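In the order they appear, the protein sequences are chains S and F. Counting from 1, one number per residue, gives the positions in the first sequence under our numbering. Counting from 1, one number per residue, gives the positions in the second sequence under our numbering.
No wet-lab data here; the hints were simulated from the structure. Because the structure is a prediction, the values reported are computed rather than measured. Any given hint could be a false lead.
[Stated by the list, open to error] Below, a list of computed lysine to aspartate or glutamate pairs in the EDC-like style, where the Cα atoms sit at most 16 Å apart:
| no. | chain 1 | residue 1 | chain 2 | residue 2 |
| --- | --- | --- | --- | --- |
| 1 | F | 220 | F | 116 |
| 2 | F | 29 | F | 49 |
| 3 | F | 4 | F | 166 |
| 4 | F | 127 | F | 111 |
| 5 | F | 127 | F | 116 |
| 6 | S | 299 | F | 311 |
| 7 | S | 229 | S | 165 |
| 8 | S | 216 | S | 193 |
| 9 | S | 186 | S | 156 |
| 10 | S | 114 | F | 83 |
| 11 | S | 242 | S | 193 |
| 12 | S | 286 | F | 225 |
| 13 | S | 31 | F | 83 |
| 14 | F | 84 | S | 25 |
| 15 | F | 184 | F | 10 |
| 16 | S | 299 | F | 223 |
| 17 | S | 114 | F | 192 |
| 18 | S | 229 | S | 128 |
| 19 | S | 31 | F | 81 |
| 20 | S | 299 | F | 225 |
| 21 | S | 114 | F | 81 |
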Amino acid sequence: MENKLEFIDLGATDQPEQARQSVHDFEYSHKAEITNVYPLTATEKLYQIQICDPDERHNFTFHPGQFVMLELPGIGEGPFSISSSPIRHGDLELCIRGVGNMTNFLNRVERGTKVGISGPFGTHFPVENMIGEDILLIAGGLGIVPLRSPILSVLENRSRYGQVDIIYGARKPSELLFGYQYEMWKQFDINLEIIVDEAEQGWQGPVGLITEILKKRIDQGRDADFRHKTSAIVCGPPIMFKFVCDQLTHANLPMEKMFVSLERRMHCGRGKCCRCNIGSTYTCLKGPVFDYWSVLNLKEAI
Amino acid sequence: MIFKVFPAEELAALYELLAVNPIVGPVLKGRDKKDNALYDFALTSGFADLALDYGQTMHSAKKFFLPHREDLCTFTLSDHDWDKHVDYGAYQHTVLFGLHPCDINALNKLDKVLMESVYPNPFYGAKRSNMFIVGHSCSPTPSCFCRSMASDSVIRGFDLFLTRLDDSYFAEVNSAKAYHLLEKIKSYHATDRDHKLFRHAVSEKNKKITAQVDTSDLTKILDMEFHADVWQEWGDKCLSCGTCANVCPTCYCYGVEEEVDLDLRHARKEKLLYSCNLVDFAEVAGGHNFRPESHTRLKYRYYHKHRGFVEAYEESLCVGCGRCGNACLADITVPEVIASVRGGDNNGK
Numbered sequence: 001m002e003n004k005l006e007f008i009d010l011g012a013t014d015q016p017e018q019a020r021q022s023v024h025d026f027e028y029s030h031k032a033e034i035t036n037v038y039p040l041t042a043t044e045k046l047y048q049i050q051i052c053d054p055d056e057r058h059n060f061t062f063h064p065g066q067f068v069m070l071e072l073p074g075i076g077e078g079p080f081s082i083s084s085s086p087i088r089h090g091d092l093e094l095c096i097r098g099v100g101n102m103t104n105f106l107n108r109v110e111r112g113t114k115v116g117i118s119g120p121f122g123t124h125f126p127v128e129n130m131i132g133e134d135i136l137l138i139a140g141g142l143g144i145v146p147l148r149s150p151i152l153s154v155l156e157n158r159s160r161y162g163q164v165d166i167i168y169g170a171r172k173p174s175e176l177l178f179g180y181q182y183e184m185w186k187q188f189d190i191n192l193e194i195i196v197d198e199a200e201q202g203w204q205g206p207v208g209l210i211t212e213i214l215k216k217r218i219d220q221g222r223d224a225d226f227r228h229k230t231s232a233i234v235c236g237p238p239i240m241f242k243f244v245c246d247q248l249t250h251a252n253l254p255m256e257k258m259f260v261s262l263e264r265r266m267h268c269g270r271g272k273c274c275r276c277n278i279g280s281t282y283t284c285l286k287g288p289v290f291d292y293w294s295v296l297n298l299k300e301a302i
Numbered sequence: 001m002i003f004k005v006f007p008a009e010e011l012a013a014l015y016e017l018l019a020v021n022p023i024v025g026p027v028l029k030g031r032d033k034k035d036n037a038l039y040d041f042a043l044t045s046g047f048a049d050l051a052l053d054y055g056q057t058m059h060s061a062k063k064f065f066l067p068h069r070e071d072l073c074t075f076t077l078s079d080h081d082w083d084k085h086v087d088y089g090a091y092q093h094t095v096l097f098g099l100h101p102c103d104i105n106a107l108n109k110l111d112k113v114l115m116e117s118v119y120p121n122p123f124y125g126a127k128r129s130n131m132f133i134v135g136h137s138c139s140p141t142p143s144c145f146c147r148s149m150a151s152d153s154v155i156r157g158f159d160l161f162l163t164r165l166d167d168s169y170f171a172e173v174n175s176a177k178a179y180h181l182l183e184k185i186k187s188y189h190a191t192d193r194d195h196k197l198f199r200h201a202v203s204e205k206n207k208k209i210t211a212q213v214d215t216s217d218l219t220k221i222l223d224m225e226f227h228a229d230v231w232q233e234w235g236d237k238c239l240s241c242g243t244c245a246n247v248c249p250t251c252y253c254y255g256v257e258e259e260v261d262l263d264l265r266h267a268r269k270e271k272l273l274y275s276c277n278l279v280d281f282a283e284v285a286g287g288h289n290f291r292p293e294s295h296t297r298l299k300y301r302y303y304h305k306h307r308g309f310v311e312a313y314e315e316s317l318c319v320g321c322g323r324c325g326n327a328c329l330a331d332i333t334v335p336e337v338i339a340s341v342r343g344g345d346n347n348g349k
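Just chain S, with the same shape it has in the complex:
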């Protein structure tokens, strides 16, 4: 029975419209305002960005895992995962590390600054197909940023999902993001486990690799149903998601039920500039969210 292939009901799948057909969309950006800047760690800040026009703001819809192009006129434009809940429409939150020219400039801007937002672009974590299932959300380092949107989406629809686990690993406790929300997540009946590579003063949680926590979770849930009733969303550095996904594969979770989000430096987000190509696949169109089977088939992805 183990090798019996599952029937796929085409009539029941509902894929959102991906195509943007009007040529005038190409260089269109919504004018938006940075309404608040919230420092999270020494290097990352959370930017609350609101699309100015109320109609445009309301009509801006996205799915968890999609990204926008954020433009600072005259400075630069870059792709950023949306970290806020889809129910907030064009009231976006982007968590950004100051690392290059544009993001370091962004580090210095004050609230009230007007920026451009285009998108949303790319594929998303199919949380709508995970209804009724247990969900494993696994993040390493900055990987928590694209994961926060599916986390919030699951929280808001908590009754539709079974057991929800967040496993989050970071280098040091001081690099952990969104610490102010951990208690809230737990109160929504979510198991949150955090592990760091290197303890700092005051740290009382576990120290080690994320795979150790995952092993416990897998051992605890190891029953015949695990492969049928679990989906995994994994985000982090390639080396981390490779180990995590291999571990999950070993626990019999089908590759097409594990989703990862890849990062490249896109210059357009619209499948034109080729800068994000992996092998010959556009990360901006076919990604950034791929199932693990697709990732294994991408040359040079890992």
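Given the structure of chain S, go ahead and fit chain F onto it with the hints provided.
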């Protein structure tokens, strides 16, 4: 398709009819050290400028539809706000006179990515929709391998395609505009004799194509040979200069840069055609480079052209014009690279 024929001396009249528009065509630009003629596409100022017997131009006609530098938008900045202005950069209809089949096929391939896919690009689209294309039959050069890439003939993407017969032109008429134009010169519907002459001319042309690329199962072979040593060898030769992409009629990748004017009141966002062979093509913020080595970039270029594009559109992104090989400072040519990657083809031995 409607086929018409007109006497060779009527070609100048056809040019004159079109000359109310800017006409871009092949012109002689100079001679190299070995006294070979060097051609390029340029704006012509008279019929005499046209060098229709050119072998291959150094550059493709790309700058007329994918300029090497192009403003995507400009901004007016004020203290707390900005306005964005977008101009697609097309203001009039242009005639492209004398394109070979390879270059028209290149446009058809670009259309698939830039106009017929999601997010159609209006900067390309605006120029492409304002082109009147008169194709012209070619005399293949030793570096042409268009027949291997199925680009030696063209069935769409032009208004008029001319094939030189002995003392006349055989015209494939592919638009109403072109049909009306031919009514204004001495022309007649092609006869059986003309059809025969046309087919003879084509077979004579095909005999001149000597360079070849074996494309059978190439997508799979590229996957199998992903870690082959030959990539490293070609990578060691490659200077990562990006000249191949510069002259290529189908390379469309780019980078975006923004700059603020000195008055701090204006800014612009500029698109610059790029090349996947340039060292920072796949570099991300923070300095990580997904393709730091020359051979990984060269390999990626072949993957995009001969594998990825085939997967997406059932055809290769290469038209076999041979320009990249002619322009390469390290003498890297497509037929040689692909033959070496296929190297293990010797009957499984």
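Going through the earlier hints one by one, which of them does the structure break, listed in rising order?
1, 11, 12, 17
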